[in-house]
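Trainee: Listed below are the residues making up each chain.
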Amino acid sequence: MFLVALKGLAGRKLRAVLTAVAIVLGVAMISGTYVLTDTIKAAFSTVFTTVYAKTDAVVTGKVAFGNNANSNNLPPSFSASLLGKVRNLPGVAAADGGIGDLAHLVGRDGKVISGHGAPALAFSVHSGGDQRFNPLTLVSGAWPVGAHEIDIDEHTASTAHYEVGQSIGVIARGPTTKYRIAGIVKIGGVSSLGGATMAIFDFPTAQRIFHKEGKLDSIDIAAANGTSPAQLVSEIKPLLPPTAEVRTAQGQAKQATKDTNGFLSIINDFLLAFGGVALFVGTFVIANTLGITIAQRTRELATLRTLGANRRQVLLSVLLEALVIGIVASITGLFLGLALAKGLNAVFVHFGLNLPQAGTVFKTRTIVVALVVGILVTLLAALRPAIRATRVPPISAVREGAVLPVSRFARFSAQAALLTIGGSVALMLVGLFVSGLSTTQRLLAIGVGAAAVFLGVAMLAKTLVPPLARVLGWPATEIGGAAGELARGNAMRNPQRTASTASALMIGLALVTLVSVLASGLKTTFSDAVNSIFRGDYALTATDNFSPISVASATALKNVPGANVVSGVRAGDGKAFGHRINVTAVSGDIAKVIVVKWQDGSQATPGALRNDGAFVSKDYAKKHHLSVGSPVAVEVPSGKRLHLVLRGIFAPPKGGSPYGDVTISTQRFDAEYQNPQNLYAFVDMAGGVTAANTAKLTKALGNFPDAKIATASQFKKNQESGIDTLLNLLYVLLSLSIVISLFGIVNTLVLTVFERTRELGMLRAIGMTRRQVRRMIRHESIVTALIGAALGIPVGVVLALMVGRAIKYPAFTIPVGTLVVFVIAAILAGLLAAILPARRAGKLNVLQALQYE
Amino acid sequence: MAVREESKDGVAVPANAAVEARDLVRRYGEGSTAVEALRGVDIDVRSGELVAVMGPSGSGKSTLMHILAGLDKPTSGTVKIAGTEITELDDSHLTRLRRKHIGFVFQFFNLLPMLDAEENVLLPLSIAGEKPDKAWLDELLGKMGLDKRRDHRPAELSGGEQQRVAIARSLVSKPTILFADEPTGNLDSKTGGEILDLIRDSVDTYGQTTVMVTHEPRAASTADRILFLADGEIVQELHEGSTAADVLAVMSSLR
Chain A
1 MFLVALKGLA GRKLRAVLTA VAIVLGVAMI SGTYVLTDTI KAAFSTVFTT
51 VYAKTDAVVT GKVAFGNNAN SNNLPPSFSA SLLGKVRNLP GVAAADGGIG
101 DLAHLVGRDG KVISGHGAPA LAFSVHSGGD QRFNPLTLVS GAWPVGAHEI
151 DIDEHTASTA HYEVGQSIGV IARGPTTKYR IAGIVKIGGV SSLGGATMAI
201 FDFPTAQRIF HKEGKLDSID IAAANGTSPA QLVSEIKPLL PPTAEVRTAQ
251 GQAKQATKDT NGFLSIINDF LLAFGGVALF VGTFVIANTL GITIAQRTRE
301 LATLRTLGAN RRQVLLSVLL EALVIGIVAS ITGLFLGLAL AKGLNAVFVH
351 FGLNLPQAGT VFKTRTIVVA LVVGILVTLL AALRPAIRAT RVPPISAVRE
401 GAVLPVSRFA RFSAQAALLT IGGSVALMLV GLFVSGLSTT QRLLAIGVGA
451 AAVFLGVAML AKTLVPPLAR VLGWPATEIG GAAGELARGN AMRNPQRTAS
501 TASALMIGLA LVTLVSVLAS GLKTTFSDAV NSIFRGDYAL TATDNFSPIS
551 VASATALKNV PGANVVSGVR AGDGKAFGHR INVTAVSGDI AKVIVVKWQD
601 GSQATPGALR NDGAFVSKDY AKKHHLSVGS PVAVEVPSGK RLHLVLRGIF
651 APPKGGSPYG DVTISTQRFD AEYQNPQNLY AFVDMAGGVT AANTAKLTKA
701 LGNFPDAKIA TASQFKKNQE SGIDTLLNLL YVLLSLSIVI SLFGIVNTLV
751 LTVFERTREL GMLRAIGMTR RQVRRMIRHE SIVTALIGAA LGIPVGVVLA
801 LMVGRAIKYP AFTIPVGTLV VFVIAAILAG LLAAILPARR AGKLNVLQAL
851 QYE
Chain B
1001 MAVREESKDG VAVPANAAVE ARDLVRRYGE GSTAVEALRG VDIDVRSGEL
1051 VAVMGPSGSG KSTLMHILAG LDKPTSGTVK IAGTEITELD DSHLTRLRRK
1101 HIGFVFQFFN LLPMLDAEEN VLLPLSIAGE KPDKAWLDEL LGKMGLDKRR
1151 DHRPAELSGG EQQRVAIARS LVSKPTILFA DEPTGNLDSK TGGEILDLIR
1201 DSVDTYGQTT VMVTHEPRAA STADRILFLA DGEIVQELHE GSTAADVLAV
1251 MSSLR
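Top line first, the protein sequences correspond to chains A and B. Just so you know, we're using this note's numbering here: the first sequence kicks off at 1 and counts up by one. Just so you know, we're using this note's numbering here: the second sequence kicks off at 1001 and counts up by one.
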């Protein structure tokens, strides 16, 4: 009996392969994700362990609240006098202090060398002294000595084509300064720390560049013989100022690893979600293919029943077939994942996220999860076809054209579908709007709800297929003539089959539509917001559009003739009412370039903040029950609490606020934050936007390659390009599930051609040409794809509406142009999917086809 | 359970009637559009007997066989196979009955294309989870002239060879009764004759009780007994020794 299943599978290789593709791709995504993140984690962990190899304890500045991977706030420096005290401790064999900060390197083209989102690190080394604590190793050249030398990392040197002895520009606190490259280094044995660029200076030079004379950012300590790292830490602790902390080297490495792992697990979950979507789409493809196969094997299954096979044996034989497909596909997917990990990394690099790689890490967990998930999903998808197979009555062995008895519930299918859709929408609404749920509960409700919506629509699709096919197939009848007419009829003649095939595509298209609608709304509102508040002529931003920029660049613009106003918005992290917040800071002249509505206060408020004033947004005030005069305590990274008084409440435009949660005065910000930076600055020029003004401003930025000047419309476009980048990344990841659904169409068509062999032979016999046969298959494919689009795009729009409402989305715009592109893409997809089946149909030998039984 | 005795060849043969059907009525549809395919048929098949069922198309012969074999249920009436009343059995009991007591030979052979000849023959045993008897298998394959065709797939066999595989398959589990549904219907006359000889031979050699539905007079003339069906009723019965011409005469009288 099981021999029948296995040999049957072997006899239908193409079918098995096409079915397996769905699982292979989904599993590859899962295994690829794990391999990628595990590899990156291992690389980071190796780096951190190597860096602290000869160190027993580390003193660092203490950030008041947990360090954020994206934060540009460096821990506070501490007095260099601590080093002497530490050295005097009995348990200390050696100790050395260092400086750590951020500094951009400038490429030969005069532009900042981008780390693709990775930081631009700066370190100090003790060039003439003891190198025992130095995490760096020289690849070539020497350690930097004196005020004019620098070492850079190997990765930057090779990608930006710099060699020892050449001169390189560096942006630290001020404008670009040139240094001579004395050496090229590796860190922790790797050439790049996640694409971060590294600038290494002699210790006194580093102190001077970063205005840290008499200060230190870290102390590396080696214990004396007989002193354990833990003892060392407890000896050091009493000496520390409140702004510093000490950890064992192991603890420090662990902490650093933990910080990066937190970030990586977000990436991991994000990618796994797309693997999940792909597998979900895969279940439709598998269920449909097996369903068709079962229908075509009716007589075979009935014969088995007459020979004494019971229902259980029939069920198990179908499941066995699925199990074999599942196992083979999962193993293939598992290994394909190794290749995909590289591909995913390339995608991330392309979209600006460069992560370190070492030897590929292939964990047992990856193998187990990938195989278990892949096999379970296949079995689950096979369950319904398998149950259908058990309903094949033995009499079908002798009766021609026997059809499966309809299920008792079949006539309620439309009602059941509507009920499913209703229930799942309700579940999503709970997840989206009911308060008091944890994030996990919320995501679970939304995720399960969305999956159920897709299932419900797929169930309903059977009812929708005939009318949809009639309408969407109309162009086919016009273009394709008789072939088109037949194609439309074929698409309608087994609605369940067409519905399942189209539903797989529906899911991918719905998700693509969802993100494009949300992104479009985001762009529109952002653009509206800029229009409503921006009264200046130019904006000064980082060249990458989002990094903070040095205050010096704004200062440089102030000296440009005709510059009436140059007003920056400082930004940094803070903590208020127990939560992390974004703190921004402005000076009075911001009112001349940025105009917001005030619920309480006026455009004069920013100029009246002085040392202890603050203003917040309407929503923030409401959330924390604040009114003008309320005290607001903000903790800054150094640990200090600023006791502020609320002076104003503004109403930000829908598309986003120019200010953070709490805004204070620039003078106070600069006093409290170690390295104050602007998020952006706005410029008002005499004469407005003119070519001459643009040239003057651009020239003034000559020494600040990390900053650029943009007009209002350029500024909008630049910010939107960030959204587009994310959007494109999502499209790439979602394309996987669309590819899987295409295989579903191919599969259905191949099986259909096989099933209609005799009919195709008859059509050929009465005069249909090969071309017409191929055209017929192509049109059927396109009609199916269009049904997928007709279902998916509205579902996507509705989902976007719901999600948009939940996150209080400011605007809802339907990107008609993009959606039209999706429809065209669906047609092309249909054409693509039809290539193989149409070829097979065209090749049929008329005589053999007619004799085919 | 029927009392069994061993024949000299070691084949189990039920002592009493293999099949007993009483007052079988099969009605399709309801109300004014109802069609009666069978209108009160009684039939007994003794063990070791080859019974042919004949009749023009639409006479109800196929329906009768489907009901006797438990593939279809009568609107009223009873069917006993090897003493067991089968019309009320559920699917799992019917399955067990099929394994033990019923063999099928189909018009279109119904071999599984992915299995070779020997695997097809052994399929009923492997489905029932029984060990094949090597000697019995060899004898069957030898008798059917399939010795050299054991590892050929159906697609590599001629129509006659395929039907011989099907007959071997139906005999492998030594069923109480074999139902043959137009076994020569898809074969040329020479090959059809060989198949009829094999069926006749299995009745004579192994005492294999067989019911054969056919519309070929020549096929019917090999039977021990021929039942003629017209409009859902048994209208005539011929006994052993009837020639094809006799059969033809009855058939033309029915038209």
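In short, the hints are calculated from the structure, not lab data. A few of these clues could be false.
Said to hold, decoys possible - Quick look at which bits of chain A chain B covers, simulated, 3 or more residues with Cβ under 8 Å:
1) 3–11
2) 292–304
3) 386–397
4) 641–653
Yeah, the Cβ is synthetic: ideal placement off N, Cα and C, and Gly gets one too.
Trainee: Now, for every hint given, state plainly whether the structure supports it.
Mentor: For each hint, the structure was consulted:
1. With a cut-off of 8 Å between beta carbons, the region 3–11 of chain A has 6 residues touching chain B; three or more are needed, and the interface restraint holds.
2. Here's how the region 292–304 of chain A fares: 4 of its residues keep a CB closer than 8 Å to some CB of chain B, so the rule of at least three is met and the hint holds.
3. Residues of the region 386–397 of chain A lying with their CB closer than 8 Å to a CB of chain B number 4, which satisfies the three-residue condition for coverage.
4. Only residues whose C-beta sits within less than 8 Å of a C-beta in chain B count toward coverage, and the region 641–653 of chain A has 0 of them, not enough to reach three; the restraint is violated.
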